[in-house]
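Going line by line, the protein sequences match chains W and L. For the first sequence, the residue numbers in this note's numbering are 2 to 114. For the second sequence, the residue numbers in this note's numbering are 4 to 120.
Since the hints were derived computationally from the structure, they do not count as laboratory data. There may be inaccurate statements among the hints.
[Claimed, not checked] Partner residues are not named here, just some residues of chain W that face chain L (Cβ under 8 Å, in silico):
1) Arg16
2) Gly43
3) Phe46
4) Thr81
5) Phe105
6) Pro107
7) Gly108
8) Leu111
Here a beta-carbon is modelled for each residue, glycine too, at the ideal position from N, C-alpha and C.
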Amino acid sequence: KAGVTQTPRYLIKTRGQQVTLSCSPISGHRSVSWYQQTPGQGLQFLFEYFSETQRNKGNFPGRFSGRQFSNSRSEMNVSTLELGDSALYLCASKGQTSSYEQYFGPGTRLTVT
Amino acid sequence: AQSVTQLDSHVSVSEGTPVLLRCNYSSSYSPSLFWYVQHPNKGLQLLLKYTSAATLVKGINGFEAEFKKSETSFHLTKPSAHMSDAAEYFCVVSDLGTGTGFQKLVFGTGTRLLVSP
């Protein structure tokens, strides 16, 4: 079974631009979560989608948004990029609602200059 | 709110010696706890999980952890370190929603394990 895939793996953007990151979960998984990893703040929860609905959102500004498609693939968007948005963005998928494990993709390394 | 505290930011061991990575948790209910490992420039890999079954949990690559409610601890151990174990390790607690199946993972700050020959 293929794992979680994320594209692109690396991205360089300029301050003020916007960016879209993509995540394909493990086949059959309907829950997708996004996390931001930075040296200063560590790993922080962004949001989670299940069956195309956002179930919860972390403490991030409205510039961070996401969506999920009917095939469970998810995208996250960051508008008006700031230097502090430079981070590794990790996507994780989860199977049945009774399952506790989340499976992570390799991440997208975003650098904002 | 759930939280975890990893007591050491760095741990150095020699190859072949035991590994102990310490984690304390805070939870208002019976928690689900995990250890994840992250190798450089890689995503996170689940090592093991505790979900209110056996308190001694065995994971991959020879790692295990013991859930101790009285001490609110979930320390990760391995009898003999290997060079390939050098990585960052995260203790994680699951923060469950109310009946929706929603789950948010709350991460510790990580412990970097260094293994010398």
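Here is how each hint holds up against the structure:
Because the smallest distance between the Cβ of Arg16(W) and any Cβ of chain L comes to about 24 Å, over 8 Å, the interface hint for this residue is violated. About 5 Å separates the beta-carbon of Gly43(W) from the nearest beta-carbon of chain L, less than 8 Å, and the hint is met. The beta carbon of Phe46(W) is positioned within 8 Å of a beta carbon in chain L (closest approach about 5 Å), and the interface hint is therefore held. Taking 8 Å as the C-beta cut-off, the interface hint given for Thr81(W) is violated, the closest approach to chain L being about 26 Å.
Annotation: Phe105(W) was flagged as interfacial toward chain L, and the flag holds, the nearest CB pair being 4 Å apart, inside 8 Å. Using the Cβ-Cβ criterion of 8 Å, the hint placing Pro107(W) at the interface with chain L is satisfied: the shortest such distance is roughly 4 Å. For Gly108(W), the suggested interface contact is upheld, since its CB lies about 5 Å from the closest CB of chain L, less than 8 Å. Because the smallest distance between the Cβ of Leu111(W) and any Cβ of chain L comes to about 14 Å, over 8 Å, the interface hint for this residue is violated.
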